[in-house]
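These protein sequence lines map, in sequence, to chains A and B.
Just so it is clear: in the first sequence, position 6 is 5 by numbering that gives the first Met the number 0, and no numbers are missing.
Just so it is clear: in the second sequence, position 561 is 560 by numbering that gives the first Met the number 0, and no numbers are missing.
No lab work stands behind these hints, which were simulated from the structure alone.
For clarity, every value in this text was computed on a predicted model and none was experimentally measured.
From the three backbone atoms N, C-alpha and C, an ideal C-beta is built for every residue, glycine too.
One should not assume that every hint holds.
Subject to a maximum C-alpha distance of 30 angstroms in a straight line, what follows is the list of computed DSS-like cross-link-like pairs (lysine-lysine) [said to hold, decoys possible]:
1. A:Lys2 / B:Lys192
2. B:Lys339 / A:Lys4
3. B:Lys192 / B:Lys67
4. B:Lys312 / A:Lys121
5. A:Lys4 / B:Lys192
Chain B is nowhere near these chain A residues, computed Cβ spacing over 12 angstroms in every case [stated by the list, open to error]:
6. Lys2
7. Arg34
8. Pro78
9. Val79
10. Leu96
11. Glu116
12. Val154
Here are a few chain B residues that sit away from chain A, every Cβ distance over 10 angstroms (derived from the structure) [claimed, not checked]:
13. Arg42
14. Val119
15. Gly120
16. Asn129
17. Leu131
18. Ile148
19. His251
20. Phe294
21. Ala315
22. Pro464
23. Asp573
24. Ala577
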Amino acid sequence: MMKIKQQAAERHVLTITVDNEAGILAKIAGLFTARGYNIDSLTVADITENHAVSRITIVTHGPPAVIDQIHAQLERLVPVHKVIDLTEAGDHVERELALVKVKGTGDARVEALRLAEVFRAKVIDTTTSSFVFELTGDPGKIDRFVALMRELGLVEVGRTGVVGMMRGAEAA
Amino acid sequence: MSEERSGASILVESLVRQGVEYVFGYPGGAVLPIYDALFADTRIRHILVRHEAGAAHAAEGYARSTGKPGVVLVTSGPGATNAVTGIADAFMDSIPMIVITGQVATGLIGSDAFQEADTVGITRHCTKHNYLVKDPSDLAATIDEAFQIATQGRPGPVVIDIPKDVQVAVANYSEGAPQRVNRYTPTLRGTDKDIARAIELLANARAPIFYTGGGVINSGPRATELLRELQAKTGAPVTSTLMGLGAFPADHADWLGMLGMHGTYEANMAMNKADLMVCIGARFDDRVTGRLDAFAPNSTKIHIDIDRASFNKTVAVDLPILGDCTLVLEQLLAAWGDRKAQDLTEWKARINGWRARQSLAYPANKQAIMPQLAIERLYELTKQRNPVIATEVGQHQMWAAQYFPFFAPNKWLTSGGLGTMGYGLPAAIGAQLGNPDSLVIDIAGDASIQMNIQELGTATQYRLPVKVFVLNNEWMGMVRQWQELTYESRYSESYSDSLPDFVKLAEAYGWKGIRIEDESQLDAGIQAMIDHPGPVIVDCLVHKEANCFPMIPSGAAHTDMILYGDNVAGTMDDEAKALV
Chain A
0 MMKIKQQAAE RHVLTITVDN EAGILAKIAG LFTARGYNID SLTVADITEN HAVSRITIVT
60 HGPPAVIDQI HAQLERLVPV HKVIDLTEAG DHVERELALV KVKGTGDARV EALRLAEVFR
120 AKVIDTTTSS FVFELTGDPG KIDRFVALMR ELGLVEVGRT GVVGMMRGAE AA
Chain B
0 MSEERSGASI LVESLVRQGV EYVFGYPGGA VLPIYDALFA DTRIRHILVR HEAGAAHAAE
60 GYARSTGKPG VVLVTSGPGA TNAVTGIADA FMDSIPMIVI TGQVATGLIG SDAFQEADTV
120 GITRHCTKHN YLVKDPSDLA ATIDEAFQIA TQGRPGPVVI DIPKDVQVAV ANYSEGAPQR
180 VNRYTPTLRG TDKDIARAIE LLANARAPIF YTGGGVINSG PRATELLREL QAKTGAPVTS
240 TLMGLGAFPA DHADWLGMLG MHGTYEANMA MNKADLMVCI GARFDDRVTG RLDAFAPNST
300 KIHIDIDRAS FNKTVAVDLP ILGDCTLVLE QLLAAWGDRK AQDLTEWKAR INGWRARQSL
360 AYPANKQAIM PQLAIERLYE LTKQRNPVIA TEVGQHQMWA AQYFPFFAPN KWLTSGGLGT
420 MGYGLPAAIG AQLGNPDSLV IDIAGDASIQ MNIQELGTAT QYRLPVKVFV LNNEWMGMVR
480 QWQELTYESR YSESYSDSLP DFVKLAEAYG WKGIRIEDES QLDAGIQAMI DHPGPVIVDC
540 LVHKEANCFP MIPSGAAHTD MILYGDNVAG TMDDEAKALV
């Protein structure tokens, strides 16, 4: 009997600068599905004054040879200016923003607020029985905060996905 | 000088500026303004096909046989979707092509309008690039960039989707090259370091092999000459993929024949035993490599390709050289200088040992025409004319590749990557238009030819003397062969039932029809085909159960080839069934 086999994968963060033209996001996202690559998160926004160029950050995972293929396939697209594999390139920072809604009263509510302070989350909305926290950090920090809130009345989570940048003075 | 012109008129002017001679197309509602702009314009000749798939394949045949981009014009919705197979085919085989599709008016896009399809969405992953043009003032620059993208770097199809209102609306048009930013600059030359390293490897190899592909053909005739020069300097034997046939002369002492699934024994054995492989413009396709973990295990691999994404895709290479075949071969020749080649006597002796297996020697048959023989006779009787050969897809295609030798590029038109049945007849039509004085023959099978049979009418209309040579075995032969080899001869739906009378069909379209039923009629039938000044279908009835060997069976290594005479019928395990 034949079974489908899986290969060991590693996580990579890619930043892609592209011409801000119609369909470019579909082209990039579609490239991933068409060739069987994974997208863990994807963020996009234009980054120039004239709105001509966008920066896309994709978190993906796959075996090293596949990551290399993803890089090459992305660079092959005409509207793509530059692809940087932050994980490959070295020391970099990653940040993500999350909105976390928690409902509760009494001790649970006090504890949620106390933990939010520990995590330096901001309260951006409140009722007598709920908070919406705003939290930034690397994805691991957000995972931990959400896990704690789950015990204290978590209602809803929204996350932006990762944006990343190389450390140091130079552009990547 | 600048003047106001309609989008349709700007499009036509832009095509003329690009030197377009022929447009292969089919009119419809969403391209009526463009057809009106083409009306009575003598600078561009429109070739009316019978189905949009035919237009795309005809453009491919034109492109492959002339080196110039093929241009297609079709309407929205079904016009565009019918062309998609040809677009995907051109994408896989790196054929330069511009496809202009009509679209419903911008205000109707997304409303499920009549004959609306999301052409840009549908073609996104089978084009090198595509556009939806929403303003006629963008048209000239878009078309200019589209031709650049289609023809430079690794060639490929580019779709330009033009809504009907954009064809009608006016914009300023000035003659001369449109102003635009150049955002496409493929790397064309290898680095000096890589070239030096390649020369060092080549100079020291004791068992080198050149494995060449369609990239050598795409790079232009100069690449073919340079390949022959480099081979002469190094003495290394040469094998080629299906797409690369013609880059190296088939009568050369160091020619190994095609490699891969239906390649020669000597080509595949030499690939397996080489100590240095120089891959030039090929991409380690699964039909070439066979089982990957057993592919050329002991060789250092150099890979010359213009597409970085081709490197390490399936096979890890030691030295990738990013660049155009012509320029990199020039660099290699310059760097080789007046070095002396290694003594390859021992390597050539091993190769001659493999050659002695005569893997293309097929069994004779007194009752029926062997299809291999039919191809051999076709070659013998047409070789003085230096013909252009197109094929459909299947057994006949492999037999043509094996038994019809090529000596020059751009003479061999076949659907390699996508394997599109129905490619050959329209491709032959496109090639005949691009090469009006050449003998153009579509070698076909009885099943494949029916996939775009309607294009017989196109050849009739434009008085194109194309020849269709059908190897008629009343089967989808390659499917039948695989069923025999791997499914214990359970011939599920592979019999070509209710075949038309191809002779009468030819006559119905104003073609000449010739039937060859017996070996004694073979030469005369082929000669009559050549001698007839107009288009001809030859219905050549061949051995019904002939199989195509040698063959690397599904999931096997280069060294595990099935040769003529081997006992092959049976089954295989699920892993092998799933592999290819």
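**Report entry** Which numbered hints fail
**Finding:** 1, 2, 3, 4, 5, 6, 7, 8, 9, 14, 15, 16, 17, 18, 21, 23, 24
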